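Could you slot chain B onto chain A? The hints should help.
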Amino acid sequence: MKILVGVKRVLDYNVKARVKADKSGIELANVKMSMNPFDEIAVEEALRLVEAGHAEEVIAVSIGSSQSQETIRTALAMGADRGILIETDEQLQPLAIAKLFKHLVEKEQPGLVVLGKQAIDDDSNQTGQMLSALTGMAQATFASKVEFEGDSLKVTREVDTGLESIKVQMPAIVTTDLRLNEPRYAKLPNIMKAKKKPLEIIPVADTGVDVSSKLSVVEVNEPPNREAGIIVSSVAELVEKLRNDAKVI
Amino acid sequence: MSYSAPVKDIAFVLNNVIGLANLAKLDGYEDATPDLVEAILDESARFTEDVLAPLNWSGDQQGSKWQDGEVSTPDGWKAAYSQFVESGWGSLSFPTDFGGQGLPLTVAAAVQEMWHSANMAFGLCPLLTQGAVDAIEHHASEEQKQFFLPKMVEGSWTGTMNLTEPQAGSDLAAVRTKAEPSGDHYLIKGQKIYITYGEHDLTENIIHMVLARLPDAPEGVKGISLFIVPKFLINDDGSLGQRNDLTCVSIEHKLGIHASPTCVMSYGDNAGAVGYLLGEANHGLAYMFTMMNQARHAVGVEGYGIAERAYQKAVAYARDRKQGKTLLGKSPDDQGIINHPDVRRILMTMRSTIEAMRGLGLECAAAFDQAKRHQDEQVREKMRRRGELLTPLVKGWSTEMGVELCSLGVQVHGGMGFIEETGAAQFLRDARITPIYEGTTAIQANDLIGRKTARDGGKGMGELLDDMRSVLDELKQSDHLDFKAISKRLEPAIASAENATQWLLGQNDATLPSATSVEFLMMQGRLAGGWMMARSALAALKLKQEDGSDDAYLDAKIMLARYYSERMLPLVESAEVIITEGAESTIALDAAQL
Numbered sequence: 000m001k002i003l004v005g006v007k008r009v010l011d012y013n014v015k016a017r018v019k020a021d022k023s024g025i026e027l028a029n030v031k032m033s034m035n036p037f038d039e040i041a042v043e044e045a046l047r048l049v050e051a052g053h054a055e056e057v058i059a060v061s062i063g064s065s066q067s068q069e070t071i072r073t074a075l076a077m078g079a080d081r082g083i084l085i086e087t088d089e090q091l092q093p094l095a096i097a098k099l100f101k102h103l104v105e106k107e108q109p110g111l112v113v114l115g116k117q118a119i120d121d122d123s124n125q126t127g128q129m130l131s132a133l134t135g136m137a138q139a140t141f142a143s144k145v146e147f148e149g150d151s152l153k154v155t156r157e158v159d160t161g162l163e164s165i166k167v168q169m170p171a172i173v174t175t176d177l178r179l180n181e182p183r184y185a186k187l188p189n190i191m192k193a194k195k196k197p198l199e200i201i202p203v204a205d206t207g208v209d210v211s212s213k214l215s216v217v218e219v220n221e222p223p224n225r226e227a228g229i230i231v232s233s234v235a236e237l238v239e240k241l242r243n244d245a246k247v248i
Numbered sequence: 000m001s002y003s004a005p006v007k008d009i010a011f012v013l014n015n016v017i018g019l020a021n022l023a024k025l026d027g028y029e030d031a032t033p034d035l036v037e038a039i040l041d042e043s044a045r046f047t048e049d050v051l052a053p054l055n056w057s058g059d060q061q062g063s064k065w066q067d068g069e070v071s072t073p074d075g076w077k078a079a080y081s082q083f084v085e086s087g088w089g090s091l092s093f094p095t096d097f098g099g100q101g102l103p104l105t106v107a108a109a110v111q112e113m114w115h116s117a118n119m120a121f122g123l124c125p126l127l128t129q130g131a132v133d134a135i136e137h138h139a140s141e142e143q144k145q146f147f148l149p150k151m152v153e154g155s156w157t158g159t160m161n162l163t164e165p166q167a168g169s170d171l172a173a174v175r176t177k178a179e180p181s182g183d184h185y186l187i188k189g190q191k192i193y194i195t196y197g198e199h200d201l202t203e204n205i206i207h208m209v210l211a212r213l214p215d216a217p218e219g220v221k222g223i224s225l226f227i228v229p230k231f232l233i234n235d236d237g238s239l240g241q242r243n244d245l246t247c248v249s250i251e252h253k254l255g256i257h258a259s260p261t262c263v264m265s266y267g268d269n270a271g272a273v274g275y276l277l278g279e280a281n282h283g284l285a286y287m288f289t290m291m292n293q294a295r296h297a298v299g300v301e302g303y304g305i306a307e308r309a310y311q312k313a314v315a316y317a318r319d320r321k322q323g324k325t326l327l328g329k330s331p332d333d334q335g336i337i338n339h340p341d342v343r344r345i346l347m348t349m350r351s352t353i354e355a356m357r358g359l360g361l362e363c364a365a366a367f368d369q370a371k372r373h374q375d376e377q378v379r380e381k382m383r384r385r386g387e388l389l390t391p392l393v394k395g396w397s398t399e400m401g402v403e404l405c406s407l408g409v410q411v412h413g414g415m416g417f418i419e420e421t422g423a424a425q426f427l428r429d430a431r432i433t434p435i436y437e438g439t440t441a442i443q444a445n446d447l448i449g450r451k452t453a454r455d456g457g458k459g460m461g462e463l464l465d466d467m468r469s470v471l472d473e474l475k476q477s478d479h480l481d482f483k484a485i486s487k488r489l490e491p492a493i494a495s496a497e498n499a500t501q502w503l504l505g506q507n508d509a510t511l512p513s514a515t516s517v518e519f520l521m522m523q524g525r526l527a528g529g530w531m532m533a534r535s536a537l538a539a540l541k542l543k544q545e546d547g548s549d550d551a552y553l554d555a556k557i558m559l560a561r562y563y564s565e566r567m568l569p570l571v572e573s574a575e576v577i578i579t580e581g582a583e584s585t586i587a588l589d590a591a592q593l
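These protein sequence lines are chains A and B, in that order.
The first sequence maps to residues 0 to 248 in numbering that gives the first Met the number 0.
The second sequence maps to residues 0 to 593 in numbering that gives the first Met the number 0.
Hints listed in this document are in silico derivations from the structure and should not be mistaken for laboratory results.
Bear in mind that the values here come from a model prediction, so they are computed numbers and not experimental data.
There are no misleading hints in this set.
Restraint-style ranges between C-beta atoms, simulated for each label pair:
1) A/Gly207 - B/Gly237: 55 to 61 Å
2) A/Asp122 - B/Glu29: 37 to 43 Å
3) A/Arg178 - B/Leu254: 40 to 46 Å
With a Cα cut of at most 25 Å, we get these calculated SDA-like pairs of lysine to any residue:
4) B/Lys543 - A/Ala28
5) A/Lys196 - B/Glu153
6) A/Lys19 - B/Gln544
7) A/Lys31 - B/Asp34
To list a few chain B residues with every Cβ distance to chain A over 10 Å, as calculated:
8) Asp26
9) Gln143
10) Ser169
11) Phe231
12) Ala285
13) Gln322
14) Pro340
15) Arg372
16) Gln410
17) Leu540
18) Glu583
All C-beta atoms in this analysis are idealised placements derived from N, C-alpha and C, irrespective of residue type, glycine included.
Next comes chain A alone, as it looks inside the complex (with noise of 0.2 Å):
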């Protein structure tokens, strides 16, 4: 069995997130960059899998610009065996990720797809979902703990209540939450090998899928700045002050 994982390069999480002077997103220009965290999780748990004798491959994939062949280097010095970009300057929405990573899903066939469950710039956790109703392949978002059974998952996902088991039927899509597992640091002579792991390069015109969006961000502004909270003197002022003041009752 294959297991296809994505891998998305993002703002380092070190990073502070400065928006640009003219609004239109967050300034990328020589910052670190690194692996989304969410994907790092979905690579180690294919690696698991791997090693536990559940499956044959891991297939790192990115979708972005040339600079994204890092992100899939980064995975295959942890472990996986070979990568593929779809390459694309633009910065394309998570509909159009989806579609792309159909095409794939039907070239490659795998019987399992590990995404983030979101990436750390853009918060959108969509693609794992939408990736599902294209392909009529199952869905298993938010696992914090991933079983065999025979042919199908076992997954146990964190939601707003608590914790859910769910089984689903393979092929399947997994998307990763935090408590999945911890990844792995690189071996160093894996990091040197990780060089000649192929790694395929696919421009977005060569799938043939339609990546145009629908949507078209506005504006980018930085959260209002918290200002200083105040001490009240009894329970009628603090009241008095969420009716009037913060007006939340």
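Frame of chain A; chain B shown alone:
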């Protein structure tokens, strides 16, 4: 995060100042392309930040413990060391024949800086193993190499260097440990002190490299041989055999590096410890220098590695701490002590000196890589001379400055810096050993004035100063004000270094030069640092011309070089006066008058 590896700064030096791409053109270093090296630096950053750095303070507080000949390392060290071995970090520059990755020393030095910033007491263990591997790789028989190297390269056995005895510190001529021939091996008897990681619980075996004398050996340093003495003997099939006749008698209580066990080792309390002669008898001192040269460079890397950690802590505190209205703060919310000009002075001194030391450390490693792999024999020869000349500067100057900068790091914290819980003091305590071990600063200075300058009649030094003059010419081609400021100070500094070198070469005996040799070492180190900073500024200027360049970052590189030139290079000029005029008074009093 307690430590954030300066990957961007390290990559800047490697790619733009040292020219990593050129190293990757040498036979055998083809893998060391900038993209691969950046992937290595990124992963090394993750490992050192997440695994090694969190154990630094707890390791210091707990320390290694001795009981009945066994040494236990602090909590978490064993797991961290296993992870270190599993990730292959120890094998980076070792030969591929024995399981290493065969990468350039320059890349190894870049990675090792992170070990020492994150946790110097931990980083010492692989540092010593590296020295032992180098000695075995260069001088052992093929059979010995096959026997010991694979496990040591992997890191599953560590190595030690056993030189010092109570009466034989800097003067190894006084070594008394004996080696009696016994069949195909020798029996070693004697006591060694200050043996770093001489005993520990991190690995199944420890390979000691021990200096000792054969029964018929000549007096002095010409009668010293080097032996491989494993803690556990090794069976022919490679499995571990019986425990060798050696014990760790005690460990030292020290000012710093508490987690690194500094052992008193006793060899041959019973029949004698089994040891295997390395190379030829009575050549031990020369072999030891193979270990030492590498180790000296590595200790220089510790010097700036620990200073980098101290800087990161200081700058974070200075942003956060508010005291008084600052002269540089732009608003009432912007009143961290970082906005007091004198705190800027401290932080700029730390930052610029660290960058100068890092540049020089990597330049020296690159010289050794070129010496090893360059196609042209003349270049190899010149680069060997360069590497050997720079080694005492990297070791002596970077460790002396490391201590000074860690002390400045304490100063930024004010009274809090003097309180142990703050953590700034640990860096100063840990740094303090670096100008002492692997040859004190005075030993480095003697090496510099004797073996590295006087012996070749100043040839290597002349070549270095010539290279500095070429950089000066490049600086002068720019009308940029900052570059004018840099060359204004670099030019007289080079002249002063030239004058001091000529004065040194003109002395008939070593007495006066020895009295100011440390000044000479510090002068040459400071100047070489200034040369690296000037090159850093030139590289930044060039990058600024590219589209989408990171101007704020590159402008900072140029300003750091200017600060360094204006505030550190004048010390090179004053050093000339000290060296040429200050020697006589240094030694004029009788010892009884002191």
